[in-house]
Every structure is written in C-alpha cells, then in structure tokens.
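As given, the protein sequences belong to chains A and B, one line each in that order.
All residue numbers for the first sequence refer to our numbering, where the first residue is 1 and numbers rise by one.
All residue numbers for the second sequence refer to our numbering, where the first residue is 1 and numbers rise by one.
One thing to keep in mind: the hints can contain errors.
Unchecked claim - Label pairs and their calculated CB-CB ranges:
{"#": "1", "chain 1": "A", "residue 1": "213", "chain 2": "B", "residue 2": "157", "range": "29 to 35 Å"}
{"#": "2", "chain 1": "B", "residue 1": "333", "chain 2": "A", "residue 2": "316", "range": "54 to 60 Å"}
{"#": "3", "chain 1": "A", "residue 1": "84", "chain 2": "B", "residue 2": "338", "range": "29 to 35 Å"}
{"#": "4", "chain 1": "B", "residue 1": "216", "chain 2": "A", "residue 2": "82", "range": "26 to 32 Å"}
{"#": "5", "chain 1": "A", "residue 1": "79", "chain 2": "B", "residue 2": "320", "range": "31 to 37 Å"}
{"#": "6", "chain 1": "B", "residue 1": "14", "chain 2": "A", "residue 2": "51", "range": "56 to 62 Å"}
{"#": "7", "chain 1": "B", "residue 1": "354", "chain 2": "A", "residue 2": "83", "range": "32 to 38 Å"}
{"#": "8", "chain 1": "B", "residue 1": "321", "chain 2": "A", "residue 2": "57", "range": "43 to 49 Å"}
{"#": "9", "chain 1": "A", "residue 1": "79", "chain 2": "B", "residue 2": "241", "range": "43 to 49 Å"}
Stated by the list, open to error - The calculated lysine-lysine pairs, modelled on PhoX-like cross-linking and capped at a C-alpha distance of 25 Å, are:
{"#": "10", "chain 1": "B", "residue 1": "10", "chain 2": "A", "residue 2": "57"}
{"#": "11", "chain 1": "B", "residue 1": "77", "chain 2": "B", "residue 2": "153"}
{"#": "12", "chain 1": "B", "residue 1": "313", "chain 2": "A", "residue 2": "14"}
{"#": "13", "chain 1": "B", "residue 1": "267", "chain 2": "B", "residue 2": "197"}
{"#": "14", "chain 1": "B", "residue 1": "195", "chain 2": "A", "residue 2": "10"}
{"#": "15", "chain 1": "A", "residue 1": "202", "chain 2": "A", "residue 2": "153"}
{"#": "16", "chain 1": "A", "residue 1": "202", "chain 2": "B", "residue 2": "77"}
{"#": "17", "chain 1": "A", "residue 1": "215", "chain 2": "B", "residue 2": "57"}
{"#": "18", "chain 1": "A", "residue 1": "183", "chain 2": "B", "residue 2": "14"}
{"#": "19", "chain 1": "A", "residue 1": "57", "chain 2": "A", "residue 2": "153"}
{"#": "20", "chain 1": "A", "residue 1": "153", "chain 2": "B", "residue 2": "153"}
{"#": "21", "chain 1": "B", "residue 1": "10", "chain 2": "A", "residue 2": "183"}
{"#": "22", "chain 1": "A", "residue 1": "153", "chain 2": "B", "residue 2": "215"}
{"#": "23", "chain 1": "B", "residue 1": "237", "chain 2": "A", "residue 2": "77"}
{"#": "24", "chain 1": "A", "residue 1": "313", "chain 2": "A", "residue 2": "14"}
{"#": "25", "chain 1": "B", "residue 1": "195", "chain 2": "A", "residue 2": "215"}
{"#": "26", "chain 1": "B", "residue 1": "153", "chain 2": "B", "residue 2": "202"}
{"#": "27", "chain 1": "A", "residue 1": "14", "chain 2": "B", "residue 2": "77"}
{"#": "28", "chain 1": "B", "residue 1": "34", "chain 2": "A", "residue 2": "10"}
{"#": "29", "chain 1": "B", "residue 1": "313", "chain 2": "B", "residue 2": "183"}
{"#": "30", "chain 1": "B", "residue 1": "313", "chain 2": "A", "residue 2": "10"}
{"#": "31", "chain 1": "B", "residue 1": "195", "chain 2": "B", "residue 2": "313"}
{"#": "32", "chain 1": "A", "residue 1": "57", "chain 2": "A", "residue 2": "202"}
What the hints contain is simulated information worked out from the structure, not anything from laboratory work.
We treat Cβ as the ideally placed atom computed from N, Cα and C, and that holds for glycine.
2 protein chains.
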Amino acid sequence: MSEQNMTNNKIAGKQSILFENPPLILSGSSIAGKKEGEGPLGSFFDEIEEDPMAGGKTWEDAESRLMKRAAEKAIEKAGLTNQDIRFLIGGDLLGQLIATSFGIVSLEIPMFGVYGACSTMGESMALGAILVDGGYADKVIAITSSHFAGAEKQFRFPLGYGNQRPLSATWTVTGSGAVVIGKNESKDKNKHKKKEKNVVIKGITVGKIVDYGLKDSMNMGACMAPAAYTTISQNLKDINQLPLYYDKIITGDLGSVGKDILIDLLKEDGFDISSNFMDCGMEIFDQDSQDTHAGGSGCGCSAITLTGYILDKMRRGEWNRVLFVPTGSLQSTVSFNEGNSIPGIAHGIILETC
Amino acid sequence: MSEQNMTNNKIAGKQSILFENPPLILSGSSIAGKKEGEGPLGSFFDEIEEDPMAGGKTWEDAESRLMKRAAEKAIEKAGLTNQDIRFLIGGDLLGQLIATSFGIVSLEIPMFGVYGACSTMGESMALGAILVDGGYADKVIAITSSHFAGAEKQFRFPLGYGNQRPLSATWTVTGSGAVVIGKNESKDKNKHKKKEKNVVIKGITVGKIVDYGLKDSMNMGACMAPAAYTTISQNLKDINQLPLYYDKIITGDLGSVGKDILIDLLKEDGFDISSNFMDCGMEIFDQDSQDTHAGGSGCGCSAITLTGYILDKMRRGEWNRVLFVPTGSLQSTVSFNEGNSIPGIAHGIILETC
C-alpha cells in the first residue's frame, strides 16, 4: 500500500471515485417517442419520433433506430465524426442487448456492452468517464435506450392483450439518449465565447446489487428504492457531504411509490433530501393527463431527461451540482416466473458546471 | 491534442491499450460441470460439480451457484476477502444477466454488469485491468459463467424436446471462471519465493461489432470468426507485430468451423496463425468421445479454459506471451426469430509472464 505509483487520491471512500481531471460532457442527444414529446419535457428533446416503429419493422428494430439516431446526433452536436470516438459504452433492456447491437453496428466504434437495467446510463457514463480521465481515450460515447412496446412485450404482456396496469406500475419511456465525453481541454478557450456553462463528470459512485426481497414487477419503484438509498447514502459518506451539497439529487425512475420509500430510508441515516430531490420518471410524463400511473421508467427515461432537461438546466447555471442516480431493477421474466425477488442497482454520477 | 496532461502513451493504434503498469492476475478460479470435468482439461479445474443443478432448484439458479463459488474461490486463492475487492465486473448469457445478479448479490461488491455474449470474459478483464492500471481500484474481480441447460432453454430448445443438433453446432460449457486482478506490487518480493511465474495483463484490444450477414444460430463459429479476425488483425497492426510475437493466439469458442474461417481471413491480411493458434472450444471437450460436434461454447468456455489451463501453462513458463480472444455472438431468440443476422464481437487480452 506504500508503492509510489499508487494513485489513491482518485479513490473516495468505499464505492466512489473522484476524477483528477473531470471529463467534460461535450454533447448530449435526446431522441424521444411521441408520448414523451407530448409530456412536460417535450420541448427539451432534440427530436421527437411520431412513428412508434420509427420507420422500422419491429419494436426492437424501432429501438435500434432510435439509438442509432441518438449516437449520430450526439456525435454531430459535438462537432465530431464516428472516427473521433474511440469507444462506445452502451446497453439496453432487451435480452442480449439486441437494441444496442443492431443499433450501433454500422457506427463501427469499438464497444463495451453493459447491462444495468434502467441504471445503464449511469453505468455507461461512469465507465466512459474512467476511460477519458485515465487517458485510455480522448473521446467516448455513452448511450442507452428503451421502447415502451418492446419492454412490455419482453417483461410483461404483449400490447394486444390489453391488460390492466396497477397504479404502482410505471410506463417505459420510448427514447434514446447519448452523451459524448471528452477531455476537458476547453476551459479557457470557451469561457469568453460561450454563455453556456460546461458540465463535467466530477466523480462516480458505483452501485451494489441490493435485494430487500420484494417480488412485485408491477411496483419496480419499491424494488429499486433500496438500491438508490444505498448509493446516495454511500455517495454522501464517501465524499463527506450533506444532501444540500447538491442543487439536485435526481433518481432515474423510482416513480411516486419509490420516491417516498427512498426519502424515508435516507432519513434513517440522517439525510434529508426532501427539498432537493427529483425523479426523472415523475418529470417526464404528466401523471394527471397522460395516464402513466407511477411515472416513467426504462433506460431511456433517465437518459433523455439528462440529455434533454438536466444538462439544459446546468448549462444555464440554474443547477451547478447534481447527483444523477439512474436506478435499475434486475429481474427477467425467467427469474420472475421462477419466483425470485427483484434486486436493484443504482449508479451515482456527480455532475458539476464549470 | 498537444495538452500536457494527455497520456497517449497508453493508447496503441486504433483499438488497443497498452498498460503503463500492467495489472497482475492475482488468482484465477474454475468451477466446471461434470461433462467438462470428464474432458481433456478436467484435471486443471479447481472444482468439478457433478450435479447439473449444483444443489439449486432451476438451471438459472444452478448457474448462479457456480458463479458464486467461482468468485469465492478466486478471492480465497488470492488470500483476500470480499471487502478487499473494490469492484466486480461480470455478466453472463442469460437475459438481463440473471445468473450474475443472483449469483453475486450476497458478495456485496460494487459492480459493473457487462454483456459481450461469449466474449464477456475478455470484456470484464479489459475493464478490470483499466480500473486497476488507472488507479481506480487496488483489486477487482472479473467473472462470467454459462450453463448448458440454461443456454439451450433460452437460445434453442428445451432439453426435453430432444432435438437433433447439426455438426456445426457447439455445446455450451457449464462452468464459471473468475480472475482477481490487482496492482503488480509483487515483482521483487515473490521472485525468490515462488517457482511459478506471474501473469500480467499487458494490454487489450477492444472489439467492434462485426456483421457479415450470417444467420445460422447452429453455426455460431462462422458468425463469430469475422469478429475474431477483425480483433486479432487490429491487435497485430496496433502493436506492430506478427503473429509469432505470441506463443499462442487463443480464441474463445469458434470451434472447428469457425477456426478454419478465421485462419483463412487472417491469411488475406498476410497473417499466418496456423502454427500458434488454439481455440478453447476445441480443447475443452474430446470431440470424438464426448459428442459435442464443433466444440464447446458459452461464456464459461473461454473463462475456465483460461483460469484452469492457460494460466497454468503460463505460470509454468511453457507459454510466455498469449493473445486471449474470447468471441461472442450477439443474437437473441427475438432477433433470430425476426430474421436478423448474427453479429459477433471479440475482445483481445494480451497476457505476459514476468
């Protein structure tokens, strides 16, 4: 432990990393479905796809097309080409990540496939930031997607079955979000040119799988809340801060049920996040008029809320420090039908303006 | 591109990374199924599980149990406890990675879930080496698994159906392998104590998704060979070497059909690997007596061949430089049934003794 080449200043506490040269989010893209476009955040998205098939033949094909467009849009907004991106880190909800594989194959970018269910945007951004901070890549892209119809078909019932959904159920977001992450070389160059602030990834908190034994796949917010609690609580302990250190603490898709559980669990640790908490799933749809019950969910939910809405708020300087915590529930239909519980995982990304 | 803090000496060519402080493989574990234990490599494995259910209730549960044992064994062999391992990087073939999630939840190690189909051991070792080399973790564990019955149930037919398999089909290996990766702090300390050589991860070549349009899920070797070709060819170009730089170039599970395609494709680039090539899938079973057709496959195939056989050969000094290239085919039953092709991916790991 006394080696000279140890660089333990990056390691913060039990689960966190604080970057020496916080990587910059060069661009973010958001391709949203029709329903998401009609929701409260509609005006923040880059593109709204009115066709649920996105011009494709199947739900899975549609999702792949959304992901390809999100990747291309993010690369274009960063003023880059595919050849400038050294690695892609991405994944989706579908078995064997087929939305990702077929979506990004034509980009020909070396890739790390990741799966963290709806926490995937956090996982891919965490690994992307590590690759850039560590000098393994100048520029990477982190990406994920989800599609309401593909997710219903895979995890619950085919849409044609017309089943009823309990009020604790969430609505999988149709959309894909991507961020291009690069070295922060623009500090001085852009300060006088641009009115917008830059956003960097200051650090990460890598999640653990947490299983409280819950089994209700129609109440995933409750299944994931313990994982969000564990990651947020550990983040605050690892960096030795209180919740108000952040302008916002933002979870992925806990929805209205999971939100209350999270706030209660954190209170037991002495952390009160009730005044600066937000959940992407509760922002993306209008719960009164859009009939989405407990809120939005899916990898795309936190991804396009980040790339559309959260980054916009930060670039304008309304929020300067955000803990972004996408949340994932780790069941499959096989594990569910075999009577297993639904474990959760959540990864924390510390975003700061500069 | 002229910033002082750029550390581009790690970046080699288009897809490769060469580590400044090559991380050490502190230990490797191999938990094999009965059929694998009866094969030519049987005596190299740490444990052979005779019960196909591994004491569990379902095939998926069995795979999770094998993975948990592989993780515990690797940590024990490294003389460590769970608390010493900062991150786990792992995944498996099952939809939503349920073998991994339920297998490792009790270890309580912060984790990155990855999916690269049967290339997963390469992907998890690549990311693990980055985390250690970059100073983000002192010790990590990279792990994967597969189970013959679980894979057949998911990808092809339930075993009870008793379908016939063409000769180009491979046999999914039942087993789990893990490596603990840490900083190489033992150079001088162990040189005089141990007769065995140490094995380090000298570099990696991150794979691209490659799709030649093949669609036969009973001939996955042919589907994956173009990906293996792309990664091996790029590795040699990135580090400016010829194939004989390596004592062995070892693919994951191309089998007898894929092997011939790979050798032919590389010849077109002027690379002859016919004299130093090995495929884990062709080593793990006796094709004459074990009726496994084109060879073994699955995430566990390359994983336990590495941790059982390859690391043993290297520690004894028989091989001193190996390019380990696990190969994955990226289809799901949904993508296959919808008529899609089967893209492949392969990640290269440069192993060296010291």
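Here is what the structure says about each hint:
1. A:213 <-> B:157: 29 to 35 Å: Holds - the Cβ-Cβ distance for residue 213 of chain A and residue 157 of chain B, about 33 Å, lies within 29 to 35 Å.
2. B:333 <-> A:316: 54 to 60 Å: The hint (54 to 60 Å, Cβ to Cβ) is violated, given that residue 333 of chain B and residue 316 of chain A are roughly 46 Å apart.
3. A:84 <-> B:338: 29 to 35 Å: Cβ of residue 84 of chain A to Cβ of residue 338 of chain B: about 33 Å, so the range 29 to 35 Å holds.
4. B:216 <-> A:82: 26 to 32 Å: holds, 29 Å
5. A:79 <-> B:320: 31 to 37 Å: violated, 45 Å
6. B:14 <-> A:51: 56 to 62 Å: Because 36 Å falls outside the window, the suggested range is violated.
7. B:354 <-> A:83: 32 to 38 Å: Hint holds: Cβ distance 35 Å, inside 32 to 38 Å.
8. B:321 <-> A:57: 43 to 49 Å: Hint holds: Cβ distance 47 Å, inside 43 to 49 Å.
9. A:79 <-> B:241: 43 to 49 Å: violated, 35 Å
10. B:10 <-> A:57: violated, 43 Å
11. B:77 <-> B:153: Judged against 25 Å, a Cα distance of about 33 Å means the pair is violated.
12. B:313 <-> A:14: violated, 36 Å
13. B:267 <-> B:197: At roughly 33 Å apart (the allowed maximum being 25 Å), residue 197 of chain B and residue 267 of chain B break the hint.
14. B:195 <-> A:10: violated, 35 Å
15. A:202 <-> A:153: violated, 38 Å
16. A:202 <-> B:77: violated, 36 Å
17. A:215 <-> B:57: holds, 18 Å
18. A:183 <-> B:14: holds, 18 Å
19. A:57 <-> A:153: holds, 15 Å
20. A:153 <-> B:153: Roughly 19 Å separates the two Cα atoms, so the pair holds.
21. B:10 <-> A:183: holds, 15 Å
22. A:153 <-> B:215: Within the cut-off at roughly 23 Å; holds.
23. B:237 <-> A:77: Violated, at roughly 32 Å.
24. A:313 <-> A:14: Given that 25 Å is the threshold and the Cα spacing comes to 30 Å, the pair is violated.
25. B:195 <-> A:215: At roughly 51 Å apart (the allowed maximum being 25 Å), residue 215 of chain A and residue 195 of chain B break the hint.
26. B:153 <-> B:202: violated, 38 Å
27. A:14 <-> B:77: holds, 23 Å
28. B:34 <-> A:10: Given that 25 Å is the threshold and the Cα spacing comes to 44 Å, the pair is violated.
29. B:313 <-> B:183: Cα-Cα ~22 Å, so holds.
30. B:313 <-> A:10: violated, 36 Å
31. B:195 <-> B:313: holds, 13 Å
32. A:57 <-> A:202: Violated, because 41 Å separates the two Cα atoms, which is more than 25 Å.
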